[in-house]
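Listed below, chain by chain, are the residues.
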Amino acid sequence: MARELWKGNEAIAEAAIRGGVEAFFGYPITPQTELLEYMAARLPELGRTFLQAESEVAAINMVYGAACGGVRAMTSSASPGISLMQEGLSYIAGSEVPIVLIDVMRGGPGLGNIQPSQGDYFQMTRSAGHGDYHPIVLAPATIQEAIDLMYEAFPLAEKYRTIVILAADGSLGQMMEPAEMPPARPLLTEAERPSWAVRGARGREKRIITSLFLKEEELEALNLRLQAKLKHIAETEQHWEEVATADAEYLLVAFGTVGRTCKTVVREARQQGIKVGLYRPITLWPFPGPRLRKLAEQVRGILVAEMNAGQMLEDVHLATLGRCPVRFYGRMGGVMILPDEILGALHDLIADQPADPAARRREP
Amino acid sequence: MSTIPIPTVEEIIAQGNLVYKRPDALADTWTHYCPGCTHGIIHRLIAEAIDELGLRERTILVAPVGCSVLMYHYFNVDAVEAAHGRAPAMATGLKRTQPDKIVFTYQGDGDLASIGAAEILHAANRGEKFTVFFINNAVYGMTSGQMAPTTLPGMVTTSSPTGRDVALHGYPMRMAEIIAGLPGACYVVRRSVHDARAIRQAKKAVLTAFKTQLAGLGLSMIEFLSSCPTNWHMLPPDALAWIRDTMIPYFPLGDFKVADGVEQV
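Sequences listed follow chains A and B, in order. If you read the first sequence in my numbering, its first letter stands for residue 551, the second for the next number, and so on. If you read the second sequence in my numbering, its first letter stands for residue 77, the second for the next number, and so on.
Please note that the accuracy of each hint is not assured.
To be verified - Label pairs and their in silico Cβ distance ranges:
{"#": "1", "chain 1": "A", "residue 1": "Met886", "chain 2": "B", "residue 2": "Val334", "range": "53 to 63 Å"}
{"#": "2", "chain 1": "B", "residue 1": "Asp336", "chain 2": "A", "residue 2": "Ala771", "range": "45 to 55 Å"}
{"#": "3", "chain 1": "B", "residue 1": "Glu339", "chain 2": "A", "residue 2": "Gly597", "range": "31 to 41 Å"}
{"#": "4", "chain 1": "B", "residue 1": "Asp127", "chain 2": "A", "residue 2": "Leu764", "range": "26 to 36 Å"}
{"#": "5", "chain 1": "A", "residue 1": "Lys709", "chain 2": "B", "residue 2": "Glu339", "range": "46 to 56 Å"}
As the list claims (entries may be wrong) - Here are the simulated SDA-like pairs of lysine to any residue, each with C-alpha atoms no more than 25 Å apart in a straight line:
{"#": "6", "chain 1": "A", "residue 1": "Lys825", "chain 2": "A", "residue 2": "Arg810"}
{"#": "7", "chain 1": "B", "residue 1": "Lys279", "chain 2": "B", "residue 2": "Arg320"}
{"#": "8", "chain 1": "B", "residue 1": "Lys177", "chain 2": "A", "residue 2": "Lys765"}
{"#": "9", "chain 1": "A", "residue 1": "Lys765", "chain 2": "B", "residue 2": "Arg320"}
{"#": "10", "chain 1": "A", "residue 1": "Lys765", "chain 2": "B", "residue 2": "Ser220"}
Hints were generated in silico from the structure; no laboratory data involved. Even for Gly, the Cβ is constructed at its ideal location relative to N, Cα and C.
Using the sequences provided together with the hints, build the complete structure.
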């Protein structure tokens, strides 16, 4: 398949279609609306299900209902809409139904604005609803990566019976760039429907999908099972990209489009003689901490850059545990970070480091 | 001393005397419902209709939050548990992706008329092809007797301790009448189960509602007036009389929407 010029939101929609999505339920919200519009045009042509819901609350529950039948169902939204979906996401997590959700993040809090942001990091990675769980959160930096991650999102969600969130930001949703689409995957057949799916109790015992467990021991058992599953996911599904880390003395850590911006920073800084590398988490949950911890022992300092007030920063601190100084540079309100700003923050970090590398251990 | 032989249940049945039994669509278990509550009657009517129409193996139940939250244990059909008020959205997702299945929701007044008002209105307006059983007992039962959207004027509840003041809380919502006004709703009736005659009429309506779905027509909904002796602080017979004498005057029984095609089902 040739490389074509794709708009981010539409590319994600097409990748979902090729990945085998059978039903999309959504609600318009900027900056993700083209994704819904694309689904509205394409899915009925293909004989699949599209429905514009009356709200994000309804949309996520329609996804929940469809997915209970073992159907590949998804929705997409942007930050305020994701907030409205928290209730449904928690029920979906509690009943271990696999679904896929796209969050094309915009500025917050509140109605905020429609500009790009990464302010939903906590909301997505910490639980995305009440109770103890984590969705798998994937953060593409390019449209090609968004396509590739979306294409594998349903098999990933089904493998673990979990929620997979594709975390884009407004710029990724709105930009256009060349990308290549994967071939269309065949749709699930009736025989391929999962063994837990609710499809009518024909010739078998009835099935119940619920997140209600009134006996405390039963609910604790569910939670222990969920935690064991999450631990397994955390150990096996960490993904990241490294750029020029082999000889790096300093390290940039950034995800999504800021991670992409940081590649420019690495190139420019290296031209200035600064040995800097980039660590770009692709999975935000599970956060790829162990590799970052090793890098923290190698470098003299880490600069975290995000389009928020420092949310992934907490995971970087938890991963590095003081092994090297960690600084933060962030912009909010939908302000995009320019390479020069990160380069300036990197110069500040370097200027603050003692000449003697051993002395860095003494920094508070 | 001679003894009179007592026939076993099996022996009685073997003689062809069985005239009444548990429908296959109901599980062989006890329920948690309070004595005198009419959820059990309504469950049975639905199960009988599922049996009579031969739908058990293709039915999916969407259970609500409320007293009937555990009803998936009482039915022998596939089931999912919805969040409070969201059953019509879940049912939409199920029915749209499995149109050959028979999908029904079962929702109380807090679930359907309060927190889930948007979901039921839009499901009805879209003409979703599933069936809704709406249980109106004028009170939040599971949380022990708070004011519902259907609590009658002046009625004392734990959250309207001096009686529902319509100037403060508004008027009880007549959901059947509201839903009937939407073009996508095809069969909308209100029934009661306070006496044998009402129960027989309710059973006919349940059959019609499922047949409406089988015919691929739009939303079918039955509002049942149901008793809650516990939270009404009444003896069961008095609760049934209260439905007849107090609820029905405000919530009249009747057919509010019978769309073209439904009468033929």
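What are the numbers of the hints that this structure violates, sorted from low to high?
Violated hints (numbers, rising): 8, 9; every other hint is consistent with the structure.
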